[in-house]
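Protein sequence lines correspond, in order, to chains V and U.
Position one of the first sequence corresponds to residue 63 (our numbering), numbered consecutively onward.
Position one of the second sequence corresponds to residue 206 (our numbering), numbered consecutively onward.
If you're looking for bench data, these hints aren't it; they were derived computationally from the structure.
Misleading hints may appear alongside valid ones.
[Unchecked claim] To give an idea of the interface, some chain U residues facing chain V are shown, with a C-beta separation under 10 angstroms as derived from the structure: (1) Tyr399; (2) Lys437; (3) Trp438; (4) Phe483; (5) Asn491; (6) Trp523; (7) Trp610; (8) Val614; (9) Ser615; (10) Thr617.
[To be verified] No farther apart than 20 angstroms at their CA atoms in a straight line, the calculated lysine to aspartate or glutamate pairs in the EDC-like style are these: (11) Lys73/V / Glu436/U; (12) Lys426/U / Asp151/V; (13) Lys397/U / Glu436/U; (14) Lys437/U / Glu74/V; (15) Lys73/V / Asp431/U; (16) Lys73/V / Glu333/U; (17) Lys426/U / Glu436/U; (18) Lys426/U / Glu499/U; (19) Lys73/V / Glu433/U.
[Unchecked claim] Not close to chain U: a few residues of chain V, all C-beta gaps over 12 angstroms, as computed: (20) Leu71; (21) Asn152; (22) Ile171; (23) Gly174.
C-beta atoms are modelled at their ideal positions from N, C-alpha and C, and glycine is treated no differently.
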Amino acid sequence: MTDRQQPNLLKENMPGPPVAVLAEALFLANLMIIPVLGFVLMVALWWKFRHSDSAIVRNHLQQTVVTSISGATILIGVSVTIFLLGGIDNPVSWVIGVLYFICVHAALILLGVFGLNRAILARKWRYPLLGPRIED
Amino acid sequence: MKYQSQAVALPYFIAAIALFAGQVIFGLILGTQYVIGDFLFPEIPFNIARMVHTNLLIVWLLFGFMGAAYYLVPEEAETELYSPLLAWILFWVFLAAGVLTILGYLFVDYNTLATMTGNNLLATMGREFLEQPLLTKIGIVVVALAFLFNISMTMLRGRKTVINIVLLIGLWGLAIFFLFAFYNPTNLVMDKFYWWWVVHLWVEGVWELIMAALLAFVLIKVTGVDREVIEKWLYVIITLALVTGIIGTGHHYFWIGTPEYWQWWGSIFSALEPIPFFAMTVFAFNMVNRRRREHPNKAAVLWALGTGVMAFLGAGVWGFLHTLAPVNYYTHGTQITAAHGHLAFYGAYVLVVITIISYAMPILRGRAANSPKAQVLEMWSFWIMTIAMVFITLFLTAAGILQIWLQRVSETPMSFMMAQDQVALFYWMRVWAGVAFFAGLVTYVLSFFVKGESKPLSA
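Next up, chain U with everything else stripped away, as it sits in the complex:
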């Protein structure tokens, strides 16, 4: 690596992968509970497993983003990290807070956990994705601010590149919008309205900036295309992301008690939301096809291309599928949403974090790229996980379509639980696709331990 302080990214990446494994294991538990209702009950009830599954996703992606920033920002700024010690301290604080929170979910009754952690002082718990106790939320803010201070200071004293600026805007946005997690109005409509300012403006707003910056960084490194060309694409992508994504928040306001005009605003702007993802796909393929020489890290190139395609499919195509108000009237809150959520998170954020890990990890371990044997295994893991996720999505989509028909279209509509019984076949198929995904993840982890002749770092 170019700067010694970039090494602090390594523990963040390792923690991210470990927590990713935890997330997938809880996903398997959940998938099984869909078809065997009392599986692991009462030890791990469905609502707890779901909370752990989604919270682990957020935490490991945040670890991935932070690790990526610690690797990328010094290299782009051409200077050492402002304080590697602070990065190390924050790592342990964030890991301890994350692990304690998950253990709290698993071993303490949620109501007791709320009482123990000061929820009576400022009630913020009990909302999907934002279930964290008040103490954890405060911890996240403290860690995020200290992290932002560290990387902002690094950038300020070094070279200011477009990639660094876009990444920092994305990361600052992430921290700022998380503050709405502390705002919990008693009016349920207002509560939901601002809840989306965290959830939507993260994943369909500022996280897209982070994603585009990470992708641009890796593409510059593996293709050798002129920085100016890549930066122009980056400007276009982030403009498209913000123009469509911010007002696109309206697609969450259709049926929650907000004014009707949101059906128009939400439909029009969110119908345009696939465009930035589409641009990212063109961007990734265009840059890779421009290169004159083969980069030794072929696995990183594959993850980068995969990010473009799968993000477009998951966030773009599957998002568009149910984003128009007249369609969403039927699809709202069904398994169609779950299908979209799975493929979008995998395509956009899981893959971009793995892309930067795949590029940076060999360098952090003192080599330009892993051995060909290790890379082959890594590429196998890409295909296994990606194909498995496509099947998870297709099975959930099929379940969703049938669920909509039985519950909301049929002349003799079924109750929710009766309809769930009817779509069980698709849930079974989803479980097996989940097992295949887990096998892909195991393959990915194993690829780190494969020995062989690797290409050394050039001086």
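Chain V extracted, bound-state conformation:
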């Protein structure tokens, strides 16, 4: 699977490679509808297509897998830390913990939207802070 040159963005519904779009869709599904299962499917997809000829496919696979791991670490790790430090019976833990979880979770989804958008348009994408550097 190699990358096409200059798709017609004004007329084509989905000019991007389907595997890249699927990777971003699974990233979002993992966050929204099928947590864990979405991640497992994403890793399986990465395993199968990690040596794809398409740089866009490789980019989106790598970005989604790495960001899912780093994102889950900061999302779940910090939330658990807040409750461990503050105590589960402390209302302050709940106020800070729930607000933190909602904000970071929503931010990850929005970043996923940008990633999906880039995949649909056959463009590379790097998740800010969380994603690995884009290969040349």
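Once you've looked at the hints, dock chain U against the given chain V.
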């Protein structure tokens, strides 16, 4: 503009913005009353201010939708409006009815208002969001039917586009579901059950169709993306909205006396309700990123993108937060609901109406886009209002979480008013965020008066 009759949209947009300002002012009064209980009492009691705040929201959004339809439908149908005169008459009738109703709330005791306006003939008043006197409700139906006649006739004699059809289905749905405002069974469970057929099936049903159609129209105009591409997205979005939203009504039936199966139906379908909003976010960004040239109206593009993101956050994320029955068991009717309500209405409906106003208003004033200076100010207003609303939401969410803990989780639960006292700090912060929101609104209004070299309309 392409058709002279589109000009009737202008007074609707102006009225919408004026009433929006009124709504925000009453929001500030309410926010202050949360922390200074007797602020403006007895002149404006809390319950009256709340009624004015929510009713103004509905009325100004309806003005915005009608103005949008008068602008959009002729352009999509490629024909003049069926009757511009009727649109003008309806404008004045609706404005007079709206203003008189608000004045009635403020200057006449609600019970007396009910007696004066025939509530004893058909009791419809006294229910949240549907407090309007019977006469006003009948007026709304008459105005809505005449408005629908006008735009339906326009579409029927012109080109039938997907955008026009979706918009019209949404607007007809709006009118039809409002009829349940006249049904007021004595059984409280039945009353609430059908009350949601107005409130929920408006905002999480047919209004989403209106929103998607308006967004699609603006995106076609500012991006130049092929209509077929946008229409396919539109089909997907409205299907998702209706499939999830209609049975999603069940998330309002958890604890009101309806059968228990609603806890399952409501939880499952409303958990899926963020999906159409999510699709709208992808849709907006995808279309804007496809464009080949920069549209001169950058402010309209920003409002359109903002609609996608904020609607998803407010309606989607904050809705999901408390929509599952086991969670809602604790969160029901707390400040979490208020947080969701504020961000959802702002993100989905306030922003989409401002998007179409931002796109259409310069054209109605004879230019393709406002001057760069005016647009910069307009974009500032977007950021000020949006950031302020995010903070209002975060403070209300914090207040809600603490309220739930103190009232419903703690081993020594507090009474409602005692818990309110404990969350006052968050209410204070909400007031200041509200002041910032008002500053954003003032900035927005000022942007209409900024002079400068604007891009002329091409012939």
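Okay, the hints, checked on the actual structure:
Interface hint at Tyr399/U: violated, since its Cβ lies 31 angstroms from the closest Cβ of chain V, which is beyond the 10 angstroms cut-off. Hint status for Lys437/U relative to chain V: holds, with the closest Cβ pair at about 6 angstroms, below 10 angstroms. With a cut of 10 angstroms, the hint placing Trp438/U at the interface with chain V holds, because the nearest CB-to-CB distance is about 9 angstroms. The interface hint given for Phe483/U is met, as the beta carbon of that residue sits about 7 angstroms from the closest beta carbon of chain V, less than 10 angstroms.
For Asn491/U, the suggested interface contact is upheld, since its CB lies about 5 angstroms from the closest CB of chain V, less than 10 angstroms. The restraint placing Trp523/U at the interface with chain V holds, with a minimum CB-CB distance near 8 angstroms, inside the 10 angstroms limit. At a threshold of 10 angstroms, the smallest CB-CB gap from Trp610/U to chain V is about 4 angstroms, leaving the interface hint in force. With 10 angstroms as the threshold, the beta carbon of Val614/U comes within range of chain V, its nearest partner Cβ sitting at about 8 angstroms, so the hint holds.
Look at Ser615/U: its Cβ gets to within about 8 angstroms of chain V, closer than 10 angstroms, so that hint holds up. With 10 angstroms as the threshold, the beta carbon of Thr617/U stays out of range of chain V, its nearest partner Cβ sitting at about 12 angstroms, so the hint is violated. Taken as a hint, the Lys73/V and Glu436/U pair is honoured in the structure, with Cα atoms around 12 angstroms apart against an allowance of 20 angstroms. Taking the CA atoms of Lys426/U and Asp151/V, the gap is near 54 angstroms; set against the 20 angstroms cutoff, the hint is violated.
In summary, the hint linking Lys397/U to Glu436/U is not supported, as the alpha carbons are separated by about 36 angstroms, beyond the 20 angstroms threshold. Using a Cα cut-off of 20 angstroms, the hinted pair Lys437/U and Glu74/V holds, with the two alpha carbons roughly 11 angstroms apart. Annotation: proposed proximity of Lys73/V to Asp431/U holds, straight-line Cα distance about 5 angstroms (limit 20 angstroms). Of the pairs offered as hints, the one joining Lys73/V and Glu333/U is violated, with about 46 angstroms between alpha carbons and a cut-off of 20 angstroms exceeded.
At roughly 13 angstroms between alpha-carbon atoms, Lys426/U and Glu436/U fall within 20 angstroms of each other, so this suggested pair holds. Between the alpha carbons of Lys426/U and Glu499/U the distance comes to roughly 11 angstroms, so the proposed pair stays at or under 20 angstroms and holds. For the suggested pair Lys73/V and Glu433/U, the alpha carbons sit about 8 angstroms apart, so the restraint of at most 20 angstroms is met. A cut-off of 12 angstroms between C-beta atoms contradicts the statement that Leu71/V is not in contact with chain U; the least separation is 4 angstroms.
Some Cβ of chain U comes within 12 angstroms of the Cβ of Asn152/V; the nearest lies about 9 angstroms off, and the non-interface call is violated. Residue placement check: Ile171/V does not keep its beta carbon more than 12 angstroms from all beta carbons of chain U (closest about 7 angstroms). With a cut of 12 angstroms on Cβ distances, Gly174/V falls inside the contact zone with chain U, its closest approach being about 9 angstroms.
Taken one by one, the earlier hints fail for this structure at numbers 1, 10, 12, 13, 16, 20, 21, 22, 23, listed in ascending order.
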